[in-house]
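J.: With chain A's structure known, arrange chain B on it following the hints.
Residue-level listing of the chains:
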Amino acid sequence: MEFELFNNLALGFGVAFTFQNLLYAFIGCLLGTLIGVLPGVGPVATIAMLLPATYALPPVAALIMLGGIYYGAQYGGSTTAILVNLPGESSSVVTVIDGYQMARKGRAGPALAAAGMGSFFAGCVGTLILAAFAAPLTEVAFKFGPAEYFSLMVLGLIGAVVLASGSLLKAIAMIILGLLLGLVGTDVNSGVARYSFDIPELTDGIGFIVIAMGVFGYGEIIANLSHPEDKREVFTANITHIYPSKEDFKRMVPAVLRGTALGSMLGILPGGGALLSAFAAYSIEKKTKLKPGEVPFGQGNIRGVAAPEAANNAGAQTSFIPLLTLGIPPNPVMALMVGAMTIHNIQPGPQVMTSNPELFWGLIASMWIGNLMLIVLNLPLIGIWIKLLSVPYRWLFPAIVLFCAVGVYSTNNNTWDVWMVAMFGVIGYGFIKLGVEPAPLLLGLILGPMMEENLRRALLLSRGDWSVLVTRPLSAGLLAAAALLLVIVMLPSIKSKREEAFVED
Amino acid sequence: MRFIKSEKDFYSGLMFTIVGGAFAIGATTYNIGTGARMGPGYFPLLLGIILAALGMMIMFKGVTVKTETGDKLGGMAWRPLLYIIGANVLFGILLGGLPKLGIPAMGLVAAIYGLTIMASLAGDKFKLKEVLILATILAVVSYGAFVKLLNLQFQVWPAFITG
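Read top to bottom, the protein sequences are chains A and B. Sequential numbering from 1 applies to the first sequence in our numbering. Sequential numbering from 1001 applies to the second sequence in our numbering.
With the rest of the complex left out, here is chain A:
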């Protein structure tokens, strides 16, 4: 078993350590950080925007580059959070609290270093866990029938809404809306073009890039512009020393270890991943006792940066596990990865590891390389990212709009997608106005056709008897877990805690 793990990793590093793939990993990290650092552009929008850059590449290289983009975007988000008090993405919402306070006290350097080093350590652990768990979990996945898959997706979707912020009812409604939008286009089973209104482009369905870009890209830009260009303070001048002091290290290390352990566990859960991990890690740090002379939380405690950053990176890493072994994206970023894989004709799922081991292990190896590159890239280059942050927003947003438009157009070389993204931009702004969180929509969108297909097969095998979902033990267990999750969050005591936790920003 252990031997096999090393063999697999060796194969992976063999693939990743070619000059070409290293270069793509590097470009990915660089571009990801570059775009991710921009305020108001989260990883979903970043990946959607940069996806077209990978179209021309071979599948392995494309996925390696996308992995790099993802880590880069995530790391760029933390930089923005610490320096500008603006979380570029939801998972750095907690980093803002203490990170920005550190920056205000002239300790932006150590805060950035803590985030970088914590992320790197967590990334290494996460990658190892992913490599170790991938094979056994894939075995389990092959035992799954359609009923189990359907129930697993239900659990995944419920998990995603429970852990997301905001109203539970609205989040579930958004998932269903996403599932419905995912059904637009030709039904594979009957060949009927559903909801296509006789528009030929719609028979191929609504592209997930169009929706991601419209809702996450344009929707957010419009919302950002509706606030007056505010007093964004960028702490640029006072980054003199980057490396944390001995004292800092002493406090950081246990926090990073705790964050990594927590993030790795939560990331595997369906619906888990970066966001939940960061929140949980921060609240645990807050509960531990302060050492004498330590800065309280909320006023620039380095543990408040190191732990959530480690946790969100570990979670980001292990959230690849459900995607690669089961083919089920646990969060919107992974949903985009599914889309990217399909574009390169790879159907994510347990068969990838057996039919395409180079791709599978190469991707895992390059995750580690990506993490390494990030730390090599970011600490010395921090000056460049800071310069980028001091560029006025009025020069940035036309560029962001342009990259979105170019990205959308080049997906199919078709102006149809440009009209569609305009529509979804308006819809996305509407979502923001109505106070509904758009992330669950994207998950539903990707899972819609898969859920329908598995439900169809499950009911076909049971001759239309819905009880098949609860009579098969594995499926029943998954549904019970989903129900339990829902009940737990609806308990009054948890409900208030949950609202509190998400209000903290």
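Rather than coming from a laboratory, the hints here were simulated on the basis of the structure. Every residue gets a Cβ at the ideal spot worked out from N, C-alpha and C, and that includes glycine. Watch out, some of these pointers could steer you wrong.
Label-pair restraints from in silico Cβ distances [said to hold, decoys possible]:
| # | chain 1 | residue 1 | chain 2 | residue 2 | range |
| --- | --- | --- | --- | --- | --- |
| 1 | A | Met490 | B | Trp1078 | 35 to 41 Å |
| 2 | B | Trp1078 | A | Ala483 | 55 to 61 Å |
| 3 | A | Leu491 | B | Leu1014 | 35 to 41 Å |
| 4 | B | Val1063 | A | Val391 | 42 to 48 Å |
Simulated pairs of lysine-lysine, DSS-like, Cα-Cα distance not exceeding 25 Å [as the list claims (entries may be wrong)]:
| # | chain 1 | residue 1 | chain 2 | residue 2 |
| --- | --- | --- | --- | --- |
| 5 | B | Lys1127 | A | Lys387 |
| 6 | B | Lys1100 | B | Lys1061 |
| 7 | A | Lys105 | A | Lys143 |
| 8 | A | Lys289 | A | Lys105 |
| 9 | A | Lys105 | A | Lys387 |
| 10 | A | Lys246 | A | Lys286 |
| 11 | A | Lys289 | A | Lys246 |
| 12 | B | Lys1129 | A | Lys387 |
| 13 | A | Lys387 | B | Lys1125 |
Non-contacting residues of chain A with respect to chain B, defined by C-beta distances greater than 12 Å in every case (computed) [unchecked claim]:
| # | residue |
| --- | --- |
| 14 | Thr18 |
| 15 | Ala135 |
| 16 | Gln347 |
| 17 | Lys387 |
| 18 | Trp395 |
| 19 | Ser410 |
| 20 | Thr415 |
| 21 | Gly477 |
T.: Just chain B, lined up with the frame of chain A:
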């Protein structure tokens, strides 16, 4: 006491109800089938009904659960909305043209200038000179990155020049 306690809840619920209902009604035009043999209308009908029901629950919450502020929708940011979406549409028109209306394709460079100028109008300050410089930089960078480096297929110049 106003009837609507939370505008955001009420109107989002209304949206979900309408959209869910529309999907459900649309689903009935396809073959529904039975559980054992699901037709193309089965799953969307099911989801549409669930969505409409959830929407009604959210609406109900919006008129019953009191909120301190009334959860107002707030004003629409018409200016950014129109200019950002407009910039995107203008980009599409300039890049690909509208053959149905007889508008020729002007190519990538013109589209970038169009988009940058229009998008910039969404901001608070608009200085034409600054915007033109920005557009020129973006055009050069895009040409280098997308056309030369990534080899994406774009028509760079207007159709009547390149023929």
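J.: Please name the hints from earlier in the document that this structure breaks, with their numbers sorted from lowest to highest.
T.: Violated hints: 2, 3, 6, 7, 18, 19, 20; rest satisfied.
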